[in-house]
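Student: So the chains spell out like this:
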Amino acid sequence: MCTLEKRGNLFLLTLTGDNEHRFNPDAIATILSLLGQAKSQAKRGSVLITTGHGKFFSNGFDLAWAQASGSLTGAAERLHQMVESFKPVVAALLDLPMPTIAALNGHAAAAGLMLALSHDYIFMRKDRGVLYMSEVDIGLSMPDYFAAMVRSKIGTSAARREVLLSGKKIRGEEAVALGIVDSAAHDSAEGVVEATVGLAEKLAAKKWNGDVYASIRKSLYPELCEILGLKATIFATPKL
Amino acid sequence: MCTLEKRGRLFLLKLTGDGEHRLNPTLLDNLRSAITQIRSDPSSSQSVLITTSDGKFFSNGYDLALAASDPPLRALMAAKLRSLVADLISLPMPTIAAVTGHASAAGFLLAMSHDYILMRRDRGFLYMSELDIELVLPAWFVAMIRMKVASPAARRDVALTAEKITADRGLEMGIVDSRHGSAAETVEAAVKLGEEIVRRGADGHVYGRMRETLLREVLHAIGSNESASNGVRNSGSKL
Chain A
1 MCTLEKRGNL FLLTLTGDNE HRFNPDAIAT ILSLLGQAKS QAKRGSVLIT
51 TGHGKFFSNG FDLAWAQASG SLTGAAERLH QMVESFKPVV AALLDLPMPT
101 IAALNGHAAA AGLMLALSHD YIFMRKDRGV LYMSEVDIGL SMPDYFAAMV
151 RSKIGTSAAR REVLLSGKKI RGEEAVALGI VDSAAHDSAE GVVEATVGLA
201 EKLAAKKWNG DVYASIRKSL YPELCEILGL KATIFATPKL
Chain B
1 MCTLEKRGRL FLLKLTGDGE HRLNPTLLDN LRSAITQIRS DPSSSQSVLI
51 TTSDGKFFSN GYDLALAASD PPLRALMAAK LRSLVADLIS LPMPTIAAVT
101 GHASAAGFLL AMSHDYILMR RDRGFLYMSE LDIELVLPAW FVAMIRMKVA
151 SPAARRDVAL TAEKITADRG LEMGIVDSRH GSAAETVEAA VKLGEEIVRR
201 GADGHVYGRM RETLLREVLH AIGSNESASN GVRNSGSKL
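Taken in order, these protein sequences are the chains called A and B. So in the UniProt record's numbering, spot 109 of the first sequence is number 109, and the numbers just go up one at a time. So in the UniProt record's numbering, spot 65 of the second sequence is number 65, and the numbers just go up one at a time.
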């Protein structure tokens with residue numbers, strides 16, 4: 001369901017298989033474990049690119065698994081379990097001591113969009129794939145850290161409204177205009193990945209100290225970090 | 001190190017000399033004295049401050065070489081800059097940074113502490129260099145970045161890409177208010193803007209209060225840093 005590959009400086013995290021890459025507890029645990037691996041092998045110049053196979057980057061939590069519990073309370077519990085267990089995935093990405101890039105091969109919805117937003121840079125396809133916060137359409141409320149992520153990464157009231165309140169399926173060009181993604185210039189999944197590899201190589205060449213990078217990243221999103229229980233690094237002597 | 005000139009209702013504060021205008025304790029003290037002088041001028045609430053510099057640099061940040069040779073000075077410079085920025089935020093008059101040279105790290109912060117940034121487009125850049133020199137950003141720097149750089153992507157470019165931001169890019173990112181052909185043209189434009197603001201006749205005291213409210217988060221972050229930091233109080237320096 002998910003693999004981690006190393007290509008020189010680059011870590012390539014791939015959501016495999018031609019399916020919706022739904023996040024159920026197993027998938028979540030696997031992603032978390034692979035991020036842990038990347039963190040332990042991180043060095044100066046490391047960069048993470050996350051992508052997927054097929055039509056979907058990820059269509060969010062595994063609601064079918066939740067419903068398979070057989071009861072309303074069971075479904076609610078399972079959903080709650082997924083929401084809670086996904087939090088450490090977001091935290092791990094914010095904490096990762098290297099630049100992170102999401103190369104969206106296809107649709108990113110709900111928790112799938114959260115996964116994308118947890119990265120420093122997002123590239124999506126020009127020709128296919130949408131961003132979609134489905135919660136308003138399917139009658140689910142928003143976890144606190146989802147809302148905090150939207151507030152942290154999406155700047156204007158209009159854009160936030162479009163994302164959270166309109167149930168809109170946002171295509172590449174509009175996503176760029178709204179400031180949600182950095183690029184929607186490429187016409188295929190391969191094109192997007194290639195472009196992100198180009199960016200990754202530029203970032204890798206800086207040979208940044210990963211711990212400093214992660215620290216500065218976290219300091220940009222204090223509200224989100226607080227909700228996730230992520231502490232900014234505290235130094236013994238105050239840095240200038 | 002810095003001079004203060006009055007031209008009608010305009011105060012011109014200039015970081016002098018051809019060096020990097022590193023924010024060492026002496027320069028920071030001089031800048032604060034100048035601000036105190038400005039504040040106590042009887043016409044201050046009907047005036048405008050323009051800050052600019054000689055040479056290739058607006059300011060290249062803290063004097064890190066000095067800090068390396070005498071570590072307690074790091075905290076001292078940081079404390080003095082926090083006080084200077086708090087003074088600028090509460091200053092009862094509009095402030096314009098005429099950026100005619102490179103502004104890096106604390107120097108970039110100093111530029112952002114002004115209400116308007118006018119910048120030359122032929123040379124020079126704004127550069128939050130910390131990532132490149134392996135320093136973290138204090139929370140109050142980030143608070144200023146969040147107030148002055150609106151889009152999350154631009155903030156990421158400032159802090160996490162450590163982009164060297166030209167005037168053209170700065171304008172795109174909403175950090176720079178206007179760009180001009182040369183250093184002289186930038187200062188001239190600042191003077192023109194200053195005169196226009198003076199003509200509007202707003203009350204500087206009200207203006208200063210409004211700015212404090214607007215930049216409340218920055219003042220709060222500065223204040224939190226004060227209570228968190230140690231060593232500065234012990235040094236006996238008066239802040």
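Warning: the hint list may mix true and false statements.
Unchecked claim - Selected chain B positions facing chain A (Cβ under 10 Å, derived; list incomplete): (1) M128; (2) E130; (3) V142; (4) R146; (5) M147; (6) S151; (7) A159; (8) G181; (9) S182; (10) A184.
Hints were generated in silico from the structure; no laboratory data involved. Backbone N, C-alpha and C fix where the C-beta goes; we use that ideal spot for every residue, glycine too.
Student: Would you mind marking each hint as holding or not holding in the structure?
Tutor: Tested hints:
{"no.": "1", "hint": "M128", "verdict": "holds, 9 Å"}
{"no.": "2", "hint": "E130", "verdict": "holds, 7 Å"}
{"no.": "3", "hint": "V142", "verdict": "holds, 5 Å"}
{"no.": "4", "hint": "R146", "verdict": "holds, 8 Å"}
{"no.": "5", "hint": "M147", "verdict": "violated, 13 Å"}
{"no.": "6", "hint": "S151", "verdict": "holds, 4 Å"}
{"no.": "7", "hint": "A159", "verdict": "holds, 5 Å"}
{"no.": "8", "hint": "G181", "verdict": "violated, 30 Å"}
{"no.": "9", "hint": "S182", "verdict": "violated, 31 Å"}
{"no.": "10", "hint": "A184", "verdict": "violated, 32 Å"}
Of the hints listed earlier, those the structure fails to meet are numbers 5, 8, 9, 10, in rising order.
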